[in-house]
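Enquirer: So you can see what is in the structure, the chains are spelled out below.
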Amino acid sequence: MSLTVLAIDDSRTIREMLRKALTEAGFVVHTAEDGVDGVERLASISADVVITDINMPRMDGFGVIETIRRGTESPAIPILVLTTESAADLKDRARRSGATGWIVKPFDDAKLIAAIRRIAAV
Amino acid sequence: MTKIDDIRDTFFQECDDLLEALNDGLGQLGDSADDAAFDDQTVNAVFRAVHSIKGGAAAFALDSLVKFSHHFESVLDLMRSGKVQPSIDLLKICQKAADHLTDLVASARSGNDQTGLYDQDLAAKLLAFGNPDSGEVAAPEQDFGFVPMIIPISLDFDTPTDTSTFIIKFTATYQLFANGNDPVHLFRELADLGEYSVTADTSELPDFDDLKWDDIHIKWEIRLTTARHLSDISDVFEFVDGLCALSILRLEDELATETPPQLPDIVQQKTALIAPAAQTPTDEDQKLQRGTTEKISASPKASVRVDLDLVDKLINIVGELVINQAVLTQCIDDAGLPESSQTRASLNEFKTLARDIQENMMAIRAQSVKPLFQRMARIAREASDIAGKSVRFETLGETTEVDRTVIERLVDPLTHIIRNSVDHGVEDPARRRDAGKTETGCITLSAAHRSGRVLIEVSDDGAGINRPKVLEIAVSKGLISADAVLSDSEIDQLLFLPGFSTAKVVTNLSGRGVGMDVVRSAIQKLGGRVNISSQPGKGTTIAFSLPLTLAVLDGMVVNVAGQTMVVPITAIIETLRPKAEDIHLIGAEGYVVSIRNKLIPIIDLGQVFGHRNQVGRLSDMVLLLVESDRKQPWALAVDGIYDQRQVVIKSLENNYGHVPGVAAATILGDGKIALIIDPEEATERYRPQGQMRQLQGLEEV
Amino acid sequence: MQSAAQISQADLRELVTFKVGEQDYCIDIMSVREIRGWTPATVLPYAPSYVLGVINLRGTIVPIVDLSARLNLGRSEPDSRHVVVITAINNQMVGLLVNSVSDIMSVNRSAVQPVPEAASEATGAHIEGVIAIDDRMLRVIDLQVVIPSIGEREIG
Numbered sequence: 000m001s002l003t004v005l006a007i008d009d010s011r012t013i014r015e016m017l018r019k020a021l022t023e024a025g026f027v028v029h030t031a032e033d034g035v036d037g038v039e040r041l042a043s044i045s046a047d048v049v050i051t052d053i054n055m056p057r058m059d060g061f062g063v064i065e066t067i068r069r070g071t072e073s074p075a076i077p078i079l080v081l082t083t084e085s086a087a088d089l090k091d092r093a094r095r096s097g098a099t100g101w102i103v104k105p106f107d108d109a110k111l112i113a114a115i116r117r118i119a120a121v
Numbered sequence: 000m001t002k003i004d005d006i007r008d009t010f011f012q013e014c015d016d017l018l019e020a021l022n023d024g025l026g027q028l029g030d031s032a033d034d035a036a037f038d039d040q041t042v043n044a045v046f047r048a049v050h051s052i053k054g055g056a057a058a059f060a061l062d063s064l065v066k067f068s069h070h071f072e073s074v075l076d077l078m079r080s081g082k083v084q085p086s087i088d089l090l091k092i093c094q095k096a097a098d099h100l101t102d103l104v105a106s107a108r109s110g111n112d113q114t115g116l117y118d119q120d121l122a123a124k125l126l127a128f129g130n131p132d133s134g135e136v137a138a139p140e141q142d143f144g145f146v147p148m149i150i151p152i153s154l155d156f157d158t159p160t161d162t163s164t165f166i167i168k169f170t171a172t173y174q175l176f177a178n179g180n181d182p183v184h185l186f187r188e189l190a191d192l193g194e195y196s197v198t199a200d201t202s203e204l205p206d207f208d209d210l211k212w213d214d215i216h217i218k219w220e221i222r223l224t225t226a227r228h229l230s231d232i233s234d235v236f237e238f239v240d241g242l243c244a245l246s247i248l249r250l251e252d253e254l255a256t257e258t259p260p261q262l263p264d265i266v267q268q269k270t271a272l273i274a275p276a277a278q279t280p281t282d283e284d285q286k287l288q289r290g291t292t293e294k295i296s297a298s299p300k301a302s303v304r305v306d307l308d309l310v311d312k313l314i315n316i317v318g319e320l321v322i323n324q325a326v327l328t329q330c331i332d333d334a335g336l337p338e339s340s341q342t343r344a345s346l347n348e349f350k351t352l353a354r355d356i357q358e359n360m361m362a363i364r365a366q367s368v369k370p371l372f373q374r375m376a377r378i379a380r381e382a383s384d385i386a387g388k389s390v391r392f393e394t395l396g397e398t399t400e401v402d403r404t405v406i407e408r409l410v411d412p413l414t415h416i417i418r419n420s421v422d423h424g425v426e427d428p429a430r431r432r433d434a435g436k437t438e439t440g441c442i443t444l445s446a447a448h449r450s451g452r453v454l455i456e457v458s459d460d461g462a463g464i465n466r467p468k469v470l471e472i473a474v475s476k477g478l479i480s481a482d483a484v485l486s487d488s489e490i491d492q493l494l495f496l497p498g499f500s501t502a503k504v505v506t507n508l509s510g511r512g513v514g515m516d517v518v519r520s521a522i523q524k525l526g527g528r529v530n531i532s533s534q535p536g537k538g539t540t541i542a543f544s545l546p547l548t549l550a551v552l553d554g555m556v557v558n559v560a561g562q563t564m565v566v567p568i569t570a571i572i573e574t575l576r577p578k579a580e581d582i583h584l585i586g587a588e589g590y591v592v593s594i595r596n597k598l599i600p601i602i603d604l605g606q607v608f609g610h611r612n613q614v615g616r617l618s619d620m621v622l623l624l625v626e627s628d629r630k631q632p633w634a635l636a637v638d639g640i641y642d643q644r645q646v647v648i649k650s651l652e653n654n655y656g657h658v659p660g661v662a663a664a665t666i667l668g669d670g671k672i673a674l675i676i677d678p679e680e681a682t683e684r685y686r687p688q689g690q691m692r693q694l695q696g697l698e699e700v
Numbered sequence: 000m001q002s003a004a005q006i007s008q009a010d011l012r013e014l015v016t017f018k019v020g021e022q023d024y025c026i027d028i029m030s031v032r033e034i035r036g037w038t039p040a041t042v043l044p045y046a047p048s049y050v051l052g053v054i055n056l057r058g059t060i061v062p063i064v065d066l067s068a069r070l071n072l073g074r075s076e077p078d079s080r081h082v083v084v085i086t087a088i089n090n091q092m093v094g095l096l097v098n099s100v101s102d103i104m105s106v107n108r109s110a111v112q113p114v115p116e117a118a119s120e121a122t123g124a125h126i127e128g129v130i131a132i133d134d135r136m137l138r139v140i141d142l143q144v145v146i147p148s149i150g151e152r153e154i155g
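Chains D, R and L supply the protein sequences, listed in that same order.
The first sequence runs contiguously to residue 121 in numbering that gives the first Met the number 0.
The second sequence runs contiguously to residue 700 in numbering that gives the first Met the number 0.
The third sequence runs contiguously to residue 155 in numbering that gives the first Met the number 0.
What the hints contain is simulated information worked out from the structure, not anything from laboratory work.
These numbers were taken from a predicted model, which means no experiment stands behind them.
Cβ atoms here follow ideal geometry from the backbone N, Cα and C, with glycine treated the same way.
There could be a bad hint or two in this list.
Chain R is faced by these chain L residues, among others (derived, beta-carbon under 10 Å) [claimed, not checked]: (1) Ala40; (2) Thr41; (3) Leu43; (4) Val53; (5) Asn55; (6) Arg57; (7) Thr59; (8) Ile60; (9) Pro62; (10) Met92; (11) Val93.
Straight-line Cα separation of at most 30 Å, DSSO-like style, residue types lysine-lysine; simulated pairs [to be verified]: (12) D/Lys110 x R/Lys168; (13) R/Lys218 x D/Lys110; (14) L/Lys18 x R/Lys671; (15) D/Lys19 x R/Lys312; (16) R/Lys468 x R/Lys597; (17) R/Lys350 x R/Lys671; (18) D/Lys90 x R/Lys82; (19) R/Lys2 x D/Lys110; (20) D/Lys90 x R/Lys218.
Beta-carbon label-pair distances, calculated as ranges [claimed, not checked]: (21) R/Asp88 x D/Lys110: 40 to 46 Å; (22) R/Leu309 x L/Ile34: 28 to 34 Å; (23) R/Ser532 x L/Ala124: 54 to 60 Å; (24) L/Tyr45 x R/Val305: 35 to 41 Å; (25) D/Thr22 x R/Asp88: 45 to 51 Å; (26) L/Gly58 x R/Ile331: 19 to 25 Å; (27) R/Ile166 x D/Ala113: 24 to 30 Å; (28) R/Ser86 x L/Gly58: 55 to 61 Å; (29) D/Thr3 x R/Ser86: 44 to 50 Å; (30) D/Ser43 x R/Asp311: 36 to 42 Å; (31) D/Ser1 x R/Ile316: 37 to 43 Å; (32) D/Ala113 x R/Tyr173: 24 to 30 Å; (33) R/Thr224 x D/Thr3: 34 to 40 Å; (34) R/Asp15 x L/Pro115: 54 to 60 Å.
When you get a sec, could you build the whole thing from the sequences and use the hints?
Expert: Listed below in structure tokens is the structure:
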């Protein structure tokens, strides 16, 4: 079974890059273009991993993580934060929101894929 | 499979959208600058636009773009968090930064090196705003602080080739699992670093009956022999920092427990097992709440993105359909079917359908003029900066849709007009004050659909055209005779004469040797007309009336010495059959026709296109009065008029090249090609220099 | 000796051969789109004398070159017996007016010899090589040179 990944990012460019990299790695990729869209998407698919951007309209990445963690559907799903920020306080905030890991953009395909494989492994 | 180049295209398309959002947002902020409160949402949207450009640019290693957007973003971030108070000055800088970002994107898109373009001063100004405490403008930075990838910084000083053994003690908290992490993941990552073994200390595991499922009782000890730095190991635990108890010791140090541990080797010693969930809500948490509940804006109208090539192809096919319909019509005409026949009725329906399809296809290719208007806003800003004038730029009807090709070709003429308005239209603040006007002038750019055409207007509230001055210049340049009596509107039209410039000093802005005549010919090439009107002391309005599309045009099908040709209807003022006595010969071959007491020069198209050497028998021909650049009508002589109809525009340039005097080609109902005449260009070399002056003298009484 | 089977596809060139006046010419089949009968063309103003005009090829405007005039063999008086070879190189489509199309033939690349010095300068400039077959000589047209280049036309 291939892993299913939900990638949430408001940038079409990043969404396409993720789709390309992850599809080539053999993952099933779903995308959403903002937090609200992402949380809705997650309810209708059974994803193994969520990758989310932080800065997004309507609902930001922290909102996504908290909504998922507080929800009943898949509260413990691994969530990778993918963002250009590497500031310690943001990282801390993501962690306290319940993020599983942190990848800095621009991402290295191999590293990202390894990280997903690792955190999604049962 | 998606190619990286496709994604690159996507990135630049997205940049267009983001830059539009950025300009929109800054515009809104500018409007509300007087109200103390800024709209948080707008600031957020502006921030995100720059942020996304940076994110994408980093992915394509567009360094200057990343660097600049990073500076820009930092300032916007401070604005967003309320750490920097937005001021008019700051907004001005932001607007400049947005303009610069646009340039950097454009340059990156064309594959150019952007470093030469990179504006150090502007970046420094942004930096200065970004560091409000620094008090002074930071010097242009030598190097760039933004590191897009985390580069692990070595904490110890061992050479990495030596292997050492580490003992890692690790106890997870409940929160670690709640965050979707698992010790197993961490162990796997450690396993990648070197030789490793793990043991679980289950001594604190209670009896099964006492076991609570969500309590953590297992402690782990990992023994890792690796050539890596200690920092590499601590990086593995980076994201569970605070969610576990962790200690990493190098084996030698543990053995030598009697001696004090060497400081750098103990990286992390976490014993506090406080789960964040147990914390009382802090300010940070409340802010976090706010972040999640940003108001949901109305969803945009559903749309799809379509490859432009595909649209163009479809438009071509629809063009074929229209041609095919013309062919069919001709066949039915030739067959002599009666008007009332069923075939004719069906054909008419077919015609209607073909036209419907065509119009809808055109609508697909249509784009709003908004990006064009934003570009012009920038031109106005820059021009008023240089001219030292205060100008407010307003737009109306920016959602008006026009064929994208028309939009592209409007950039240059509009730029010129707007620079002119700033330069020559709007007065400087002192003069405005004296005239009882506000010191800030206003230029309005508007677009609207008007009876199947697009009307684009640039108006200013400046001094209006100085008609005595215009007359004086026209006379001094020999464009008109000194005793010519011209109406106000005729004087205004003089501005369109080639080489006309009213500026005493050639300024940076308008005086580039390009006159309004170039604007007029550019607009006429688009099948449009230019109109100018002015009120002294109140301002000037320049209006373009343009066709909605460049794919079809309404043409008059004419006979030129046996060749079928098409003249765009927009160029024709009227058609007439001259009486022999109205035709006069001036000089050897200079024919003129007298119409309503005006003498109008005649040009035989058959001669222009080399189909005959001598001017044809004019009294047997038809004259098409066309308006020229000089607002002076000319009469084009043709051998006859066949028809008036919509024709599909076909390029001659693709397989052949530009033909002088020919705008394009079209395919007629019989499948033959007819050339579409560009009246302006066709007659250019047949019009003697100073003809207008001659005419002024020839005015009949 | 090399048998036919050993000649790889890459060594072969497929050529469309035709007559211009009394001479035999050919071009690579890869650059030929179609062959059609002559239909009157719409005259282009200010065109070089060897450009007969443009025709409508299913919605595309295609210029027609009178190959005989182009090769300085005299202007043709095109009629329905003439044939137009529609060629395409570098996204440019041009029709070549010839007297008749003779054949499609495969030749070994090595059979194409350099243009003999004896060729007149005007003709020599327009061919990239010659092939001697039986007692005939086939001139390989240099399409790049023969077709009018896209661009601004001077008023003649």
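Enquirer: For every hint, state whether the structure bears it out.
Expert: Verification of the supplied hints:
no.: 1; hint: Ala40; in the structure: holds (8 Å)
no.: 2; hint: Thr41; in the structure: holds (4 Å)
no.: 3; hint: Leu43; in the structure: holds (6 Å)
no.: 4; hint: Val53; in the structure: holds (5 Å)
no.: 5; hint: Asn55; in the structure: holds (5 Å)
no.: 6; hint: Arg57; in the structure: holds (8 Å)
no.: 7; hint: Thr59; in the structure: holds (7 Å)
no.: 8; hint: Ile60; in the structure: holds (5 Å)
no.: 9; hint: Pro62; in the structure: holds (5 Å)
no.: 10; hint: Met92; in the structure: holds (5 Å)
no.: 11; hint: Val93; in the structure: holds (6 Å)
no.: 12; hint: D/Lys110 x R/Lys168; in the structure: holds (26 Å)
no.: 13; hint: R/Lys218 x D/Lys110; in the structure: holds (29 Å)
no.: 14; hint: L/Lys18 x R/Lys671; in the structure: holds (27 Å)
no.: 15; hint: D/Lys19 x R/Lys312; in the structure: holds (28 Å)
no.: 16; hint: R/Lys468 x R/Lys597; in the structure: holds (26 Å)
no.: 17; hint: R/Lys350 x R/Lys671; in the structure: holds (20 Å)
no.: 18; hint: D/Lys90 x R/Lys82; in the structure: holds (20 Å)
no.: 19; hint: R/Lys2 x D/Lys110; in the structure: holds (20 Å)
no.: 20; hint: D/Lys90 x R/Lys218; in the structure: holds (26 Å)
no.: 21; hint: R/Asp88 x D/Lys110: 40 to 46 Å; in the structure: holds (42 Å)
no.: 22; hint: R/Leu309 x L/Ile34: 28 to 34 Å; in the structure: holds (31 Å)
no.: 23; hint: R/Ser532 x L/Ala124: 54 to 60 Å; in the structure: holds (59 Å)
no.: 24; hint: L/Tyr45 x R/Val305: 35 to 41 Å; in the structure: holds (39 Å)
no.: 25; hint: D/Thr22 x R/Asp88: 45 to 51 Å; in the structure: holds (48 Å)
no.: 26; hint: L/Gly58 x R/Ile331: 19 to 25 Å; in the structure: holds (21 Å)
no.: 27; hint: R/Ile166 x D/Ala113: 24 to 30 Å; in the structure: holds (25 Å)
no.: 28; hint: R/Ser86 x L/Gly58: 55 to 61 Å; in the structure: holds (59 Å)
no.: 29; hint: D/Thr3 x R/Ser86: 44 to 50 Å; in the structure: holds (49 Å)
no.: 30; hint: D/Ser43 x R/Asp311: 36 to 42 Å; in the structure: holds (37 Å)
no.: 31; hint: D/Ser1 x R/Ile316: 37 to 43 Å; in the structure: holds (40 Å)
no.: 32; hint: D/Ala113 x R/Tyr173: 24 to 30 Å; in the structure: holds (27 Å)
no.: 33; hint: R/Thr224 x D/Thr3: 34 to 40 Å; in the structure: holds (37 Å)
no.: 34; hint: R/Asp15 x L/Pro115: 54 to 60 Å; in the structure: holds (58 Å)
Hint violations for this structure: none, all hints satisfied.
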